[in-house]
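Number of protein chains: 4
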Amino acid sequence: MSSTIGSHFKVTTFGESHGPACGAVVDGLPAGVIIDQAKLQKYVDRRRPGQKHTTSRKEADFVEILSGVYKGISLGTPLAMLVRNREARSQDYQELASVYRPCHGDYPWQLKYGWRDPRGGGRASGRETVSRVMAGAIAEQFLEQYFATIESEHRFGVVAWLESLGSLCVKYAPDEFEDYLEHLTREEIDASIARCPQRKLEPLLEEALSEAQSNGNSWGARVVFAVRGLPPGIGEPVFAKLNSRLAEAIISIPSAKGVEFGQGFQLCSLRGDQANDCWIPSSDDSAGQPRLATNRQGGIWGGLSTGATIWGRVAFKPTPSISLPQTALNTEQKTQTISIKGRHDPCTAIRALPVLEAMLTITIADLVLAGELSRMEQLTISN
Amino acid sequence: MSSTIGSHFKVTTFGESHGPACGAVVDGLPAGVIIDQAKLQKYVDRRRPGQKHTTSRKEADFVEILSGVYKGISLGTPLAMLVRNREARSQDYQELASVYRPCHGDYPWQLKYGWRDPRGGGRASGRETVSRVMAGAIAEQFLEQYFATIESEHRFGVVAWLESLGSLCVKYAPDEFEDYLEHLTREEIDASIARCPQRKLEPLLEEALSEAQSNGNSWGARVVFAVRGLPPGIGEPVFAKLNSRLAEAIISIPSAKGVEFGQGFQLCSLRGDQANDCWIPSSDDSAGQPRLATNRQGGIWGGLSTGATIWGRVAFKPTPSISLPQTALNTEQKTQTISIKGRHDPCTAIRALPVLEAMLTITIADLVLAGELSRMEQLTISN
Amino acid sequence: MSSTIGSHFKVTTFGESHGPACGAVVDGLPAGVIIDQAKLQKYVDRRRPGQKHTTSRKEADFVEILSGVYKGISLGTPLAMLVRNREARSQDYQELASVYRPCHGDYPWQLKYGWRDPRGGGRASGRETVSRVMAGAIAEQFLEQYFATIESEHRFGVVAWLESLGSLCVKYAPDEFEDYLEHLTREEIDASIARCPQRKLEPLLEEALSEAQSNGNSWGARVVFAVRGLPPGIGEPVFAKLNSRLAEAIISIPSAKGVEFGQGFQLCSLRGDQANDCWIPSSDDSAGQPRLATNRQGGIWGGLSTGATIWGRVAFKPTPSISLPQTALNTEQKTQTISIKGRHDPCTAIRALPVLEAMLTITIADLVLAGELSRMEQLTISN
Amino acid sequence: MSSTIGSHFKVTTFGESHGPACGAVVDGLPAGVIIDQAKLQKYVDRRRPGQKHTTSRKEADFVEILSGVYKGISLGTPLAMLVRNREARSQDYQELASVYRPCHGDYPWQLKYGWRDPRGGGRASGRETVSRVMAGAIAEQFLEQYFATIESEHRFGVVAWLESLGSLCVKYAPDEFEDYLEHLTREEIDASIARCPQRKLEPLLEEALSEAQSNGNSWGARVVFAVRGLPPGIGEPVFAKLNSRLAEAIISIPSAKGVEFGQGFQLCSLRGDQANDCWIPSSDDSAGQPRLATNRQGGIWGGLSTGATIWGRVAFKPTPSISLPQTALNTEQKTQTISIKGRHDPCTAIRALPVLEAMLTITIADLVLAGELSRMEQLTISN
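Residue numbers (the working numbering), protein chains in the order written: chain G, 1 to 383; chain S, 1 to 383; chain Y, 1 to 383; chain D, 1 to 383.
Just so you know, the hints here were simulated from the structure itself, not pulled from any lab data. Each hint should be verified, as a subset may be incorrect.
The list cannot tell twin chains apart, which means a pair is met if one copy fits it or any two copies do.
[Claimed, not checked] 35 angstroms max Cα-Cα, derived DSBU-like pairs, lysine-lysine: (1) K39 <-> K334; (2) K71 <-> K341; (3) K334 <-> K71; (4) K200 <-> K71.
Model, not experiment: these values are computed from the prediction.
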């Protein structure tokens, strides 16, 4: 079991879906960060169940800060947070003590640990991600205040939106994608029930979600993420490169099955001169400042941020919990038909977006702290 | 800088492209592993430059073992290995001291560290991966011997092959892909100049590579990987899941821009009943043993191996070093035209395949050791 | 800030003295350990304040388990525990917001973090150790059950007793010290108000403690610890040797100023032939089994346990919080006279004994798990 | 096996006594440190064998830098160093393949790993410490340059001297000990064959060493260490306190059996008012600047440096390798008489002094880097 992520901004999470509580301990947060509890709560509320087209499980998810803050300011000591698991309908899961849901952790977890909490998947439940979002909220407050002290073109910010759901897919007008990458806001994204910024898709998305929910089925979805305002040089080669650490963090999210940076898999079919990002020649640039003509690589070169927006895509598979009948293995090593009850999202990706943002932010907070140590301040020699 | 990967099978690498040597230290290798030096050398030779359609840099890459082995058997102490950097044509790189190659680490590394070795990209060179392959060879010898003591349907093994290069793409006959996943051998793969198993593509691939090389251009490529014979339960949720740790390791490889597990991004457009892997009902199965009907998820559920073959795809961008003229930034913060000399692969992915296999193997060795500790051996209680 | 200890049995603690709660998260506990909550509570109660000659602060210190346990058995997931800080007389500490108590963390913490919780010393309070004791209780239950599956001469157990307080010092009869090392029980130790096993010292110790308490002064003390039933081979050279890791854990306890293993500092004045532990020649040994004639080294050779009892001594300085007037620095960078109010132990060491036992046990649990991976099971070759 | 120490300034060592080489990899060294190879070599030479009254094994111990440095300046990439094991008289150790030397690692290492290199103790040899000293040399060059950019009363520096050997013990004149702590130099210490600064003891020490050598015996010794010029606030509570991390590093040195900070074990017999360090009242201080009247605590409060000199003592046991006959266990589980041949120091502590300095410096480098991240730079609020 490995429930700590990060080497400098260290996040440890705990909690089973139907146990007493879920929580997170953030160790390594510097002293002097103003902790805005209302903002923290609002951040956590974005992944809360009980919204339309999400599981009907309703949890207040009130975040209690247990340590690390004095008079609203971080102490530099571990900041522990807790949410209680209030409404746990464990009875929905009694059947699951004896049968493994297909494509869930149930089966390999039982083989690995020999003992598991079958109620809602225990620690393998999506409920676990509430701890990540709590930590992400702290990471965001830290980074916003940290970068406020640094001159920067852009304000630091992380967003993610839904680009496709099943066969429904956003078609971008010219420059629209680039515009989204640089300017789309969480408010604009959250205005959509599916967190998809293209309003004309809204009725179709809503219909698809309703249909899946009533059919006891679910949808996969593709998501775009963007990190703005990150200065160049973030990342710790050769193993903790910015992209490798982000990939680890992203793929640790339940249901995430793929990740790509910049044009990603599209780059496989291109030539070098089609894939490279080059600068605009000084002569062609009215501003006179060298700038990149393109951002096909997703803002990361050699494992380090370049100062451009970091972007990429994530594949979320359909929620594996469906109520349609499936052939499953049971604890007697026999097959049986299962129809999964309980409350499940018709598309995991929608509520996973705040989790994705949290994981990106936590990882960046860790690497930003690591990067503080990369060179002697007085270094005057340079190539 | 973070040049150690793993928590139990810990690999630390060092070395610049044109410095005295590249090396790796493996700490955490158990005692009692028979170390076959010839096999190690052969494993490392698979990524060696100087083969056709790869860079013409020729290095003997003779691996010297410095510690950790006594009379051919591992001691449980750190196993250090070294290859000397023999043929380093540093003069090819003198121009690069004052200009940043587009899409290389040069630019952000300079901003981060304020000081860099411009010869061949220094530590940001693909040369660095020779250290990873040395460690991968040790990991493979360990795992093969480790799993030999465990009853298993399949023998443990890792393979990877090239599935597409530019617009050339393998078309699989029915069941052919599944057959490759389970049975394709390294020997069969290495018989192709491009490490692509479909022989009819060979002339086209060779032509495309020759053309890129003569044009001073390069190609992107897509790669499939498969890990066979891994028992169920490998992975350490919630942050060191098998897929999240593999993603981190894979994306740390130079030029890797995306990774997906199982059907990955294709799952985004599917419904739950189309994406889930279910068992074959006992009644339909002649063997009487429950088995999975499909392996769309890539052999990982809830972050743990299921016993099925682990598989996925990796996107490699075109080699960014091309001799075609590009507009680059120089250290004077001005743009200038650059035409990159030196010896470069027309398609990075081909030589990256052994590196990919090495990173997969290293990561699995680490998680296999971690998994040893997941439960009390005497545990008799179960759900 | 570094509030996690251990690489395999990982303990993360949090909490300020007068914040909402103190807690611990244990990650890496294997699945299948029976968690006895009553035993856990009893273990924690041993360090509870409010006993005679300890601080009069009274805390129920009721331990709530938040995660990681299902039906009384560990899941292999993080086990989080919490105690609320109920009776916090913060007003006692208002003066301390502007003056640094001599030999406390106040002064360097302020310089380091620029912000601190002055109430009771915040995280630098002895209150913090309640988290360690919670984790120690879990480590003990784990190790007891773990070693029950291994054949062993002795049962695993950790004890510590007070050997001196100020100028009062235990005088051991011949063989008495060795007998204590092997057989003294926690019950026998706790029968004494000062946790000193020599009953004839009891009235003198009680008098010394009363006097210190009424004078607003305090006493230093020397403590002996013993770890029994540890099999040989525990420890991870060259940096995580058993003794080096125990030293780190011990010295992290507030007020611990020194540690020695076996005869420790006494060995400085001896010759090799006086200091070495040798075997009893077979001819002299009635049992016919080779055994060690002495245990001067404290049961550790080359950084590994030998199978003999691990023992050593720890120096605890006098409680630095005394109500006698002292010249202190204040936040205005001026000196002022301070007389520390609040509730303080006349001898920290007494309540620190369970903390010492906890730290020893946590560290051993970590190294026992690490040691599981030291060699291939099938290894048949040996020197 | 755990051969990496540190979380930020990470040192990984490798090498067996009679294997091909010993080495160290330093990862986390910032870019821009001027690496003076001659100074590095001189630092390493201080622990070299072949000096009078040390083992007669002669090794050039020429340090080769393999990576991490370009044109004499650190790159921020891993700095790997190597010394070859030139003169290895393995034949001296052939007998040891079948018998375990008392109080050496031989016995528990064999039980743990099942396989060991018996030549000179393999990795359990004192030879291993050459890697630590190489890394210590780099840490010292880093810290000297790092602190040169910070205003400080004192220059950063680490020294250690021999205070006692057997029954011979330095008697300090009034204020002499404090004077040594603040001003004694390595040159003054190295002027003595035993690294003892009191010249009148020199003939007695030399006689004691000669006698031990001719008798095939050895001596224990007590050592004092001092770290000067460390700013306040270094240390990472609650587990990586400055003293706990130093204790871990010190006790990992072969033959170190105890460590104390400041007056250490002497504090056990004192009262709080005798043990605390207080400030000199402003009225009594001619300089007008508040300063501490005493430094009994060794310069560490609450686990953090205070700005005062860090000091303490270390107990080194007598070299366990003696040629006098001893009863040992052999690999047949029988006892036999052993007389250890080979070349051994009559007092390990003398050559261990540079190792002690190296371990102190490595640990401080790690905590200094960690401390960079403890608070937001713009923090303006304070208590």
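A quick look at each hint next to the structure:
1. K39 <-> K334: Intra 49 angstroms, inter 40 angstroms, cutoff 35 angstroms: neither.
2. K71 <-> K341: between (45 angstroms within a copy, 23 angstroms between copies)
3. K334 <-> K71: between (58 angstroms within a copy, 26 angstroms between copies)
4. K200 <-> K71: neither (47 angstroms within a copy, 51 angstroms between copies)
Checked against the numbered hints given earlier, the structure breaks hints 1 and 4 and satisfies all the rest.
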